[in-house]
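Q: Here's the letter readout for the chains.
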Amino acid sequence: MASSGELNNDGLPLTSNSDPMEQPLTQQIPRDGRPLSLKERLKGGGYRAIQRCAKGLAPQDVQKLVSESGLRGRGGAGFPTGMKWNFVPMGQDAPRPKYIIANADEMEPGTFKDRVLLEGDPHGMVESMIVAGYALQAEVGFIFLRAEYRLAFERLRTAIGEAYAEGYLGRPLPGCDFRFDLYLHESAGRYICGEETALLNALEGKRAIPRAKPPYPQTVGLWGKPTVVQNVETLYNVPHIVNRGAAWFRGLSRSKDGGTKLYGISGRVARPGWWELPLGTTARELLEDHAGGMFNGFTFRGLLPGGASTPFLVEQHLNLPMDFSSIPADVGRLGTGCMIVLDDQTCPLGLLLNLERFFARESCGWCTPCREGLPWVARILDAFEEGHGSMDDLGLLEMHASLLGPGHTFCALAPGAVEPLQSALSYFRDDFIRHIRLGGCPWRPYGRSGGRRRVPVLKEIPA
Amino acid sequence: MLTDDERQEIEQALAHYPEKRAGAIDALRLVQRRRGWVSDESLEDIAALLGMTPAEVDGVATFYNLIFRKPVGRHVAFLCDSVSCWIMGYERVREQLKDRYEVDIGQTTKDGRLTVLPIACLGHCEQAPAMMVDADVYGHVTPDQIETILDQYR
Ligand SMILES: Cc1cc2nc3c(=O)[nH]c(=O)nc-3n(C[C@H](O)[C@H](O)[C@H](O)COP(=O)(O)O)c2cc1C
Ligand code: SF4
Ligand code: FES
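Going down the list, the protein sequences come from chains V and Z. As numbered in this note's numbering, residues 1116 to 1578 make up the first sequence, in order. As numbered in this note's numbering, residues 2 to 155 make up the second sequence, in order.
Hint data in this document are derived by calculation from the structure and do not stem from the laboratory. Where hints are given, some of them may not hold.
Stated by the list, open to error - Subject to a maximum C-alpha distance of 16 Å in a straight line, what follows is the list of computed EDC-like cross-link-like pairs (lysine to aspartate or glutamate):
# : chain 1 : residue 1 : chain 2 : residue 2
1 : V       : 1321      : Z       : 59
2 : Z       : 21        : V       : 1319
3 : V       : 1340      : Z       : 20
From a predicted model like this one, the values you see are computed outputs, not experimental measurements.
In isolation and in its complexed conformation, chain V is listed as follows (with noise of 0.2 Å):
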């Protein structure tokens, strides 16, 4: 809960001595499943930093208190937002309108922590868009929700509704004439929407398949004009930093990078679930202390730390602090720091068999190696399940994980599609060596349907 300390005039502490364990983004919200209403956000601060900005605060000072923050965006980069924002021109001459967009497309499997904060916060997110709107003189902003989000669409649409009828929204904030008007776009369904440059095309009604860069969206966007396309809980941190500060912001966190985390986990552990910590919680912190370990009978054997585009982490890095700047850039990165949890008794192969099916579906085709190397991985990956991989198969996955790596395509869906495969190769060699002897999956001795109607099979062949 809020620490003691100085209190400004507003009631809120000022200093950095904050308490290691508090949960800016989420210690408001109800647990009964509630939204947060907009008097008891009121009460708890909300939409203070709005009146803050208007007093006196200039659009460049929230820009500057966001960069010596060190609030790095949660959508899977981490760039450093306040970098990102430096981009955007400013001043008499910009270009108009200028846009703020919050990217809650959400869709990299495994990955919830969006969703918590939109249900549960919903004035949260209008008020980090006014105040991030007004950080960069943006005065239109779209929040793009995913269509599958319903409840975060009703809630989004009552806070939004009260905002204006507030005067939050379309309206001279008191005190300034910054107006802001705010937008919420229902998606229709498709994963490679959340890349950046692909939203921007969404949003104007075009198929959504990612532009060329440079130039970056910050100077020519969204029908042309400056945009920022933001995170939903990078967002979320922007108003507390402007009533808190940079340093108590750097302070919640564990590590160089500033602020806290939205971690989450699913897969075979005792407790999946979400929880607000600081940023450079361990990965073993996680999975034990806060999911409780294993559920009982299983073992440990990976994970795959921020969704299905990261690489894999094993028992050797359970101790790597989960942060942008901890995790070495050849082990892997935090990705959305939503976890993925393999056990003992699922196939690895049939998992990433899974993940590759997946970013294959969703390849928008714009770029042939995307395109058609994608199903060719998912192919491979079958042959082995159905026990017809074989040792030149491996070379033809360790071919593709290259083709389909960092500059080969637009964006980075194929990259991100082909990290886990990579990491998985090595890790799991031993694995793909036993489906190629047991001419099997060693998981499945009875076949695809869980062990129903198929005949046994399948005997080990000795090396």
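We have chain V; now place chain Z with the ligands onto it with these hints.
A: Coordinates of chain Z with the ligands only, in the frame set by chain V:
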């Protein structure tokens, strides 16, 4: 023909875009919400209203997983087939649907009540396996709960 109501709602959605075509998704969703799917005829009507060619609108419509260009059943069950749900037993749920309702992914029951479609991660992975029926999301779905869940959708 689009009804007056439909036309009005689409025009309302267009108000906050600088270009009409930006309303294409809103228009497609809106028509589908009322009619269940988007027929060739509806597609042409939307195209005319937005100043696009039918092919352009179809290019958008076919890009998205949740715009139906073929009729579907009265209700649609979307089964999450992404990784966490796969680990937690999505395939057993799918088998149960086959056994109990004689539908597999991509099919509609003979009585036209239910279509089953695959869907990418529903964002409820901590409650895997997850399933969405129309707009309602269910978590921790087990094969023996399927019937209780689907009985609510007639
Ligand atoms: C295929 C693909 C899908 C993506 N999906 C999302 C998404 O659903 N949500 C998101 O915030 N970022 C997503 N991203 C990352 C965005 O392109 C972008 O980097 C991000 O929204 C920037 O926000 P941030 O700096 O606050 O993280 C995706 C990227 C790719 C390549
Ligand atoms: S990498 Fe794949 S998803 Fe990205 S632009 Fe190319 S084809 Fe489309
Ligand atoms: S993987 Fe099924 S809800 Fe995320």
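Q: Hint by hint, work out which the structure violates, then give me just those numbers in ascending order.
A: Violated hints: none; all satisfied.
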